[in-house]
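Going down the list, the sequences are from chains A and B.
For the first sequence, the numbering used here assigns the number 194 to the initial residue and increments by one for each residue that follows.
For the second sequence, the numbering used here assigns the number 4 to the initial residue and increments by one for each residue that follows.
Worth flagging that the hints you see were computed from the coordinates, not collected in a lab.
Be aware that a few hints might be false.
In silico lysine-lysine, DSSO-like type, Cα no more than 27 Å apart, as pairs [said to hold, decoys possible]:
(1) B/Lys477 - A/Lys338
(2) B/Lys156 - A/Lys376
(3) B/Lys136 - B/Lys156
Far from chain A by the CB rule (all over 12 Å, computed), these chain B residues [said to hold, decoys possible]:
(4) Gly40
(5) Gly54
(6) Arg72
(7) Gly146
(8) Asn164
(9) Val168
(10) Leu218
(11) Leu232
(12) Leu266
(13) Glu313
(14) Val428
(15) Pro462
(16) Phe472
(17) Ala480
(18) Pro492
In this text, all values refer to a predicted model and were calculated from it rather than measured experimentally.
Think of the CB as a built atom: it goes at the ideal place given N, C-alpha and C, for glycine as much as any other residue.
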Amino acid sequence: MNIRCLKRALTSLLLAALPLAEPPAGAADGPGTWPTLQRPASAESAPDADGFIRRWLILEPLPAMGLTDGAVQSSVKKEHFPDPFTVLPKDGDKVTTAGAERTWHAVDTTQYNVNLFHFARSLGKPTSNVLFWGVTVVNCAEELKDVRLAIGSNAASVWWVNGSEVVGIYGDRQTVIDDGVSKRLTLKKGTNIVRCAVVNGGGATDFCARFLDASDQPLKGYSVRLSAGGN
Amino acid sequence: MLALLTRAMALDGEFRIHDPSTLVRCDGRFYTYGTGGTCLVSEDGWTWGRGATPPRRGMAPDIIHVGDRYLMYVARNVGAQPRADINLVWTRSLDTNSPDGKWEEAGVVASSDGVEDCNAIDPGLMLDPTDGKLWMVYGSYFGFIRLLELDPKSGLRQDPNATPVNLAINCEAPILIQEGGWYYLLATHGSCCRGADSGYNLRMGRSRKVTGPYLDHEGVEMIRGGGKLFAGSRGRVIGPGHFGRIQLEDGVEKFSCHYEADLDRGGASVLDLRPLLWKDGWPVAGDNLQEGTYQIESVRTGTVLELAVEGTPVGGRRERRGGPGPGGPAGPGPGGGPPPGGGGGLFGGTGRSIPDQDVAQVSTNWPIGELPLRMATYLCQAQQKWSITAVTNAGGYLGSPYFKITVANTDRALAATAEGELIVVPAFTGAPEQLWRIDQLADGTWRLQPKSTPGHPQPFALSAVGASFATLSKFDAGSNKHHWILKAP
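The following block holds chain B by itself, in its conformation from the complex (with noise of 0.2 Å):
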């Protein structure tokens, strides 16, 4: 698995935020809404702008899409903290152009007193996909980050006079998921809004109930300061907080979540968009995809992405006997071993470093024009490498932006084709076919699919159909065909 110490890069447009909520979708755009009524939209999730402000401006909100309302929780400070409540707004629509896009209130559904162990801030939303029961966490460092059950059709608690249940101390932005039998608790620990010098960092505990308890993966409970750690900062970015799961599609999930500093960006806060990962029972923070030259393995098979070429051995070919061979005394040695003396023979090498292939050597034998692509045993060739380069003003999708996979060093292009089949084009011109979708998937491979494959309607996904081709099908989380591993060659 490819192993990313920095974040690939960052988002395009628009998006500085802080206490980013869950995104959510409505008519085909993403909306995340943050602090002091911040809104970023986005069309494809790659490129953000600013949305319109809702009504009620608060702190750290959350939302939801439950039935045919988006439910928003908002909190805001009633006097000195710890006294809070947390507010319902909803509206039908986030497009504040359509005619239902009017946002309601509902009311305070959770409060702190100022007294009592909690601060009611940052809630964080979770419709359970197993029965159907909505539930929100919410708390900040002082006291416990609480759990109540909400009504789904109303967006209010379900027994006012229920009693929250304490989960966890020692964190803010708390959030739920479900997955495999698990119910999830995420939450920021570590100091904010101190730029660079913030601790924020995600952590996590895990129960088999969603009412606790949580324990971490050292069997710590979250009430008593566990967590494991989900992610940290790295790289450039500082202080990564408020965690969201997105859920996209079987096998492909992003979280969401905002760094206190990206330093690339003078400090500020910032919206950041990953792959969502799972690993022994645990959520695991992905990597979007660096830039870069790659060999492209299948999972299924083993075998890498080729031009179908004839390849030259790396070094040039040797003869295995008599021959004018470049490294001295031909043949194996007595037994087959090398010669005595060192150097020379089968298995004695040339005496000296084999340089990588140039590519401008070996290309000369290659055809012009279109070629076909194959899969072939990885043999550190120069048609078996690929780069992956970012294209600038062409969109992407939930966190990068969309790349061309060329033959290194070369400007030829990997490309669909009407028949559902793939080429390999003499030169990259921008075509949607040549633009390509690489989403890390939960297992930690990457799924490549090109940004439309003309005259298909359907998203199609490189699919290692045998051992020595490759073609487009139908995504499949369940096999092996459209899993890759991207290899530093």
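Extracted from the complex, chain A is given alone in its bound form (with noise of 0.2 Å):
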């Protein structure tokens, strides 16, 4: 074991020890400093030049244990706020949910990923043992069959498109690109939705995501918007 990974596990013991572990000190206290992210400046974006989606509504964390298969889905399917799986937020929105008012932000990263440590801490909430919800609106002129959604997370994380659950990843892991993998599944012309659960242990926590076509190449040509009723 190199002294890095030797870091990490007693990083991990450390923060394993804690229910949830404090914000990170010297944390900044708003968005505005946010080193990856950026607030969305137009209405509507599209996917990038490797068709990853960079637009994204991002619930402040949650509180969440563990990463194996049970943990998790035992965490994302608890009803942190109503209808989780149906709601579509606006930026600004709050829910209420273990005991504290949370809220959603709309953020465009800069990156292929979405660094949720970077929104954490620039928000002053925890990183660690936490779950975060993302979801966007991917708008599609014409009805799209055979494409798939892959995405990354670090750690854990599950996927819905139009409320269906179609990809699911555990354990401690680091994002790897197009690592979950759903079966092919159509998005339909006009909204979709596209719901992420991404759930952290400890360390560094981000994700991407992207569809592939019937090839398995970057789908594009569609748009993304944070609102339904694009086309």
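Fit chain to chain and form the complex, with the hints in mind.
In structure tokens:
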């Protein structure tokens, strides 16, 4: 084991001992200091050159423990707030859960991935033993068959497209492009809602997501908004 | 890559033959012809039976499909060896029940007079894919292996007055193949026709020009006796000879040969069909899959197939701190290392050997019924080990039977779905979507294909579309998604 791995193991030991880690020391107190995230400057965006979706609504983190299949499924199936699989929040919407009020934030990532550590840290929120909810809206001009949602996350995550669970990856893991990939699915003409729940144990946390076409190539040609009723 | 020391398994049916020709296909069937008029026919390349003897019987024929005709070249002795000639016969169909199935005689193509340095038997044909020229090499030990250009239209000599080119010595049953800018001359060295005492072995050299010189890997010309070993005796089979190339599709090749003696069949001379691989610019004899337990690892992702259940660490979960773990003192020692004196702690182990995971124990928590398949980092867990077992009486493909793929020591079987995806069914039923064709590819990795995918007429192959997810899709030899490594766990 190298020093980095040893530090990670010992850090995990320490974090596991705490029901919910404290916000990191020196954390900023506003999204203006997000190193890799920006507030959306337009109503609509598009997947990037590699097909990654860069616009998301992210809810401030909730406490969550455990990264095994069962623990993650238990965490994400708990109704943290009303209608978690049907509600389409807006930037600034607030929910009260786990005894605290939490806010949805609209973000554009400057990278292929969404850095949830940057997101939480800049808000002075914990980054360990937490669950992040994310949601975005994909608007298609035509129905698209045989596409796949392809995601990567640090750590475990579960994903839904139009209310159906399509991907789940578990355990302590790093973000790998196209790690979890759904079975073939159909994107409707018009609004399609993509949701994710990312559970982190400790350390860095992020995710990336894109759709693949029937040839496993990055899907483009659709728009991304944070509200329904695109096309 | 899996290293196999013995032949995976013999073909099925009747496959005794000596000096088999290159395999050819006609109306969906595979055919090969041997010395004495032997004909073997197969619908699938796995189960073989006797076919009709062609009217011209002889020694070590070779056959090639050019245009709408099958050209067969058959040698005969016309006096004391090495006085011999090679005759051309042709037909438009190898199915003797077909109205096109009549053989026609076309005459002598090459001969040796019994004095010259050549024995005109053992022809081998190549239609050059680069320029469409038809070539025949021939010869057997006495003197030279020789090269002649033939007319693809008639099958006869392009120039009856042309002098054959000498290519090699000390061998017989030569044949040419072309790949990647090289011509390869494969020939059989050693003695034949002595059963288990036959020293037959396949050797080769290569040249940038079809006319040679052909050099082996050490730079020795084959005309001076050189030859890099391609395949020799091993396991229970002795004396491979009479190579024939079979190009099935991009990235999937086989070769045919016979063994002088199959010890499991009383020392009979038998046909074999094996994968043909390529490495460092040379052909390599591959192996048909042997039954066994494997981890199935994606070349693309390095992750392995697993039944999608929550895994249990081998040896059980160990508490990292505090807790009643079996390892004695918990937590790391000073500085994070093992505690002084050995066992226990985060890094100290249990102090005793941890046995392999018992699937009967860990599977008690697995859901009943159909379960998803996924991929994960290999952790030696029970849901990551797969038994690959030949299925009897289910047919097969070139060189192998169909296999079932089950979670080791369970009956849970990998299957294709009508959606072109994968699932693990609770019990193997023998349905076509649960039968697997497993071909070794040119690079030594493996392709896994269900015999059929419900509702999909085209063949699909196992594809690592994601690091944690596999699917089925059309095979692409150039994509690592379809290349798999089968490792003994």
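- In terms of Cβ atoms, is chain A entirely out of 12 Å range of B/Pro492? About 20 Å separates B/Pro492 from the closest Cβ of chain A, which puts it past 12 Å; holds.
- Task: Find the nearest Cβ of chain A to the Cβ of B/Leu266 and say whether that gap is larger than 12 Å.
- Result: Check passes; 47 Å lies beyond 12 Å.
- Was B/Leu232 rightly flagged as not at the interface, with every chain A Cβ beyond 12 Å? Check passes; 40 Å lies beyond 12 Å.
- Is B/Arg72 truly not at the interface, in the sense that its beta carbon sits beyond 12 Å from all beta carbons of chain A? Per Cβ check, B/Arg72 is outside 12 Å of chain A; nearest 39 Å; holds.
- Message: Is the claim that B/Gly54 lies outside the interface with chain A correct, judged by CB distances over 12 Å?
- Response: 42 Å, holds
- Message: Can you confirm whether the C-alpha distance between B/Lys136 and B/Lys156 stays at or below 27 Å?
- Response: Between B/Lys136 and B/Lys156 the Cα gap is close to 10 Å, so the pair holds against 27 Å.
- Far enough from chain A: is every CB of that chain over 12 Å from the CB of B/Gly146? For B/Gly146, whose nearest Cβ neighbour in chain A is about 56 Å away, the distance exceeds 12 Å, so it holds.
- Non-interface claim for B/Leu218: all C-beta distances to chain A beyond 12 Å? 43 Å, holds
- Evaluate the condition: distance from the CB of B/Val168 to the nearest CB of chain A exceeds 12 Å. 47 Å, holds
- Message: Using Cβ atoms and 12 Å as the threshold, tell me whether B/Phe472 really stays out of contact range of chain A.
- Response: Its Cβ does come within 12 Å of chain A, the nearest being 4 Å, so this is violated.
- Query: Is the nearest Cβ of chain A still more than 12 Å from the Cβ of B/Asn164?
  - Reply: 55 Å, holds
- Task: Compute the least Cβ-Cβ separation between B/Ala480 and chain A, then decide whether it is above 12 Å.
- Result: 15 Å, holds
Checked against the numbered hints above, the structure violates hints 2, 13 and 16; every other hint is satisfied.
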